[in-house]
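Novice: Each chain is listed here by its residues.
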Amino acid sequence: MRRAFIVVWKDLLVERRSKETLNALFFFALLLLFIFQFSLGPDRERLAGTLPGLLWLAFILSGLLGLGRTFVVERENDCWEGLLLSPGDKSAIYVGKLAGNLLLMLVVEAILLVLFTFFFNLDLGGALPALAVVIGLGTVAFAAVGTLFAAMTAQVRARELLFPVLLLPVQAPVLLATVKATEAVLLGEPLGSVAHWLKLLAAADVVYVAVGVLTFDFVLEG
Amino acid sequence: MTRLVGGVTLAALAAGLVMGFGIAPREATQGNVQRIMYLHVPSVWVAYLAFAVVLVASIAYLIRRAEAADRLAHASAEVGVLFTGLTIATGSIWGKPTWGTWWTWDARLTSVAILFVMYLGYLLLRGMIEDRERGARFAAVLGIVAAFNIPLVHFSVYWWRTLHQPPSLMKPGPGTMPGIIVTALLVNFVAFSLLYVYFVARRARLLRREAEAAG
Amino acid sequence: MIPEPLIRVTGLRKTFGNHRVLDGLELEVRAGEAVAVLGANGAGKTTLLKVLATLVRPTRGTAIVAGHDCAKDAEGVRREIGLVAHGSYVYEDLTAAENLTFWATLAGLRLSAAARAGALATVELDRAADERVRTFSAGMKRRLCLARFVLARPRVLLLDEPFAGLDQRAKKWLEEHLASFKTGGGAILMTTHSFGRELAVADRIAILAGGAIALDTARGALSADDVQRLYALHAEDVS
Amino acid sequence: MPDNWGFVLAAYGLAAGVLLAYWRFLARRERDLRGAAERNRIAPVSGHPGPEPASRTPRA
Chain A
1 MRRAFIVVWK DLLVERRSKE TLNALFFFAL LLLFIFQFSL GPDRERLAGT
51 LPGLLWLAFI LSGLLGLGRT FVVERENDCW EGLLLSPGDK SAIYVGKLAG
101 NLLLMLVVEA ILLVLFTFFF NLDLGGALPA LAVVIGLGTV AFAAVGTLFA
151 AMTAQVRARE LLFPVLLLPV QAPVLLATVK ATEAVLLGEP LGSVAHWLKL
201 LAAADVVYVA VGVLTFDFVL EG
Chain B
223 MTRLVGGVTL AALAAGLVMG FGIAPREATQ GNVQRIMYLH VPSVWVAYLA
273 FAVVLVASIA YLIRRAEAAD RLAHASAEVG VLFTGLTIAT GSIWGKPTWG
323 TWWTWDARLT SVAILFVMYL GYLLLRGMIE DRERGARFAA VLGIVAAFNI
373 PLVHFSVYWW RTLHQPPSLM KPGPGTMPGI IVTALLVNFV AFSLLYVYFV
423 ARRARLLRRE AEAAG
Chain C
438 MIPEPLIRVT GLRKTFGNHR VLDGLELEVR AGEAVAVLGA NGAGKTTLLK
488 VLATLVRPTR GTAIVAGHDC AKDAEGVRRE IGLVAHGSYV YEDLTAAENL
538 TFWATLAGLR LSAAARAGAL ATVELDRAAD ERVRTFSAGM KRRLCLARFV
588 LARPRVLLLD EPFAGLDQRA KKWLEEHLAS FKTGGGAILM TTHSFGRELA
638 VADRIAILAG GAIALDTARG ALSADDVQRL YALHAEDVS
Chain D
677 MPDNWGFVLA AYGLAAGVLL AYWRFLARRE RDLRGAAERN RIAPVSGHPG
727 PEPASRTPRA
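Chains as they are written, first to last, in this note's numbering: chain A, 1 to 222; chain B, 223 to 437; chain C, 438 to 676; chain D, 677 to 736.
Treat the hints with care, since some could be wrong.
[To be verified] In silico contact screen, one side only, chain C against chain B (beta carbon under 8 Å); selected entries:
{"id": "1", "residue": "R450"}
{"id": "2", "residue": "G454"}
{"id": "3", "residue": "N455"}
[Stated by the list, open to error] Derived list of chain B stretches under chain D, where covered just means 3 residues or more per stretch with a C-beta under 8 Å from a C-beta of chain D:
{"id": "4", "region": "281–294"}
{"id": "5", "region": "314–322"}
Hints are computed from structural coordinates only; laboratory data are not their basis.
Note that the Cβ used here is the ideal one computed from N, Cα and C, for glycine as well.
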């Protein structure tokens with residue numbers, strides 16, 4: 001576990017020094033809001049019904065940007081082979097990168113949530129804790145597969161194209177579950193009413209993280 | 223050897239056609255358009271069979287690095303995508319007269335469409351990586367992730383759709399259908415499975431020859 | 438019984454697509470010995486190093502490092518080797534000390550501040566410990582990479598043109614450091630395509646041409662231009 | 677309920693067309709390969725054949 005932690009420590013340190021990813025994602029989140037406004041029009045009542053979908057669309061788009069860059073620091077510093085050559089179980093590197101990505105995604109999602117309440121007067125009311133559960137479960141699934149596919153496409157020529165093309169279809173069920181669950185939660189329904197969606201998300205988290213940990217060695221081999 | 227399988231497949235396909243058009247009765251409510259089911263349902267079953275083979279072959283490749291397992295996964299994925307595409311095409315042709323539109327977000331059509339896109343990504347990944355060994359390894363990982371994803375797709379799509387309308391008539395629950403139709407379905411399923419085996423065998427052999435030619 | 442060589446390569450072949458880079462390569466390096474692999478660019482020097490470093494799988498033949506097979510027991514090999522390639526594996530936004538902490542911990546070592554300071558001192562980077570590696574020269578980066586191996590103490594060092602881009606002082610320092618590594622019982626395999634002073638540290642010269650070792654002679658009294666003549670002779674008729 | 681034979685034929689026709697096209701694709705690739713091997717020139721490692729023509733829009 002110390003090895004996974006040191007990977008997170010390194011990524012956070014590099015991020016704090018270079019501040020590339022977080023600034024870019026914050027700016028991108030802001031841009032998304034403008035684009036949604038311009039493309040869907042200012043009329044709030046009409047948008048109310050689609051807010052859960054819009055929220056998760058914003059999460060997915062900024063996620064694609066953020067997750068796609070998981071191994072950029074390795075590639076730019078030419079450290080990919082260094083990771084491969086350090087002896088010991090490679091899944092610690094996956095867990096470290098996954099934790100870093102999860103943190104990054106949750107920060108961006110928090111920012112987006114604030115922006116949504118501001119721009120779309122999304123009234124969270126008492127629903128915040130329930131919403132946090134849904135967002136948490138959904139983001140773990142998204143980050144788990146995203147980190148694995150980021151490693152896979154990091155070495156490939158057309159990685160910007162291949163990453164979303166591979167990730168989005170796999171995320172379709174998670175997206176269905178999270179939007180449906182968010183919709184119910186925002187309508188004030190108790191978590192119990194979406195228990196089946198939450199069970200699906202939990203199952204997806206377990207499956208994706210397990211597959212990620214087991215197959216990461218083969219992907220890192222590059 | 224494959225010539226023999228080819229011959230048997232042709233015979234089985236012919237038998238399937240005879241069952242589908244000759245013996246099976248004209249379906250009461252839908253009329254003859256229902257006969258598309260003898261094409262649509264077996265091809266979706268074979269598609270799932272193909273993706274199950276991709277899963278097993280991918281795991282085998284990662285464990286033993288046997289080139290043959292990789293070629294089997296590749297061939298089976300490609301034939302699987304072929305049958306998935308066929309399922310979607312025949313499903314939408316069926317949809318036109320029965321629901322009046324070429325495409326409806328019906329539970330089964332949607333999940334098959336997601337599989338189609340997912341495994342198309344698999345073929346795209348293989349095409350994009352020049353180094354054969356790395357491509358095989360990444361494809362194996364994707365083959366495993368995609369296969370584990372299938373049940374999630376199924377549940378999410380069913381819950382997503384069935385809250386509004388019951389699963390479509392195309393649900394192949396054999397229980398609710400008269401025996402003769404079920405046998406017609408099974409004959410066609412056997413025929414399609416043989417076709418799958420034939421295609422995979424030839425595609426895998428083609429891959430082996432290409433690998434040998436590349437030396 | 439002569440000790441088992443630290444590096445033993447038999448019948449090694451490596452093909453990329455349909456281009457055969459290495460074919461039938463034989464090589465042995467014993468403890469306390471340094472071998473310089475000489476070859477034109479593209480002769481496969483780096484590929485050979487990558488196979489030994491378990492970064493690339495051999496198409497045929499075997500490569501045994503410190504008793505571990507590179508293809509079957511890559512993890513075993515990785516515990517025994519130190520690779521200094523062009524990448525030199527440093528994070529530019531981190532300081533020298535942070536880089537060392539990261540790589541040591543990732544390799545599973547418990548790193549005390551004293552051990553880290555000691556390693557940095559050995560490679561004469563103690564003054565630059567807290568400076569970002571982005572500001573380092575090529576020589577300093579390579580020394581930082583070697584500092585990792587001062588801590589991990591591998592038995593085999595694989596060096597890809599280690600003297601390239603170094604100033605005179607850094608070259609002298611590297612020569613001494615490699616010499617002491619050798620007397621400590623380690624084996625060194627380095628690649629180079631130039632014939633200058635750096636061959637001084639090598640006990641044997643192996644000329645790589647046509648995908649295999651065309652000539653493997655003790656460096657002994659060979660002067661630089663002897664080596665050049667030999668190299669030209671062999672490289673032409675084989676490739 | 678109208679029989680819509682047109683649609684049934686379209687479906688089977690399309691299926692037959694697609695499967696035949698794939699079979700021909702396999703046969704052609706094998707012929708190209710055998711030809712190349714005979715001329716004992718190492719066939720260039722051709723790219724992946726790409727997804728086959730599982731066309732979605734049925735013929736009107």
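Novice: Indicate, hint by hint, whether the structure satisfies it.
Specialist: Structure-based check of all given hints:
no.: 1; hint: R450; verdict: violated, 11 Å
no.: 2; hint: G454; verdict: holds, 6 Å
no.: 3; hint: N455; verdict: holds, 5 Å
no.: 4; hint: 281–294; verdict: violated (count 0)
no.: 5; hint: 314–322; verdict: holds (count 5)
Going down the numbered hints, you'll see the structure goes against 1 and 4, while the others check out.
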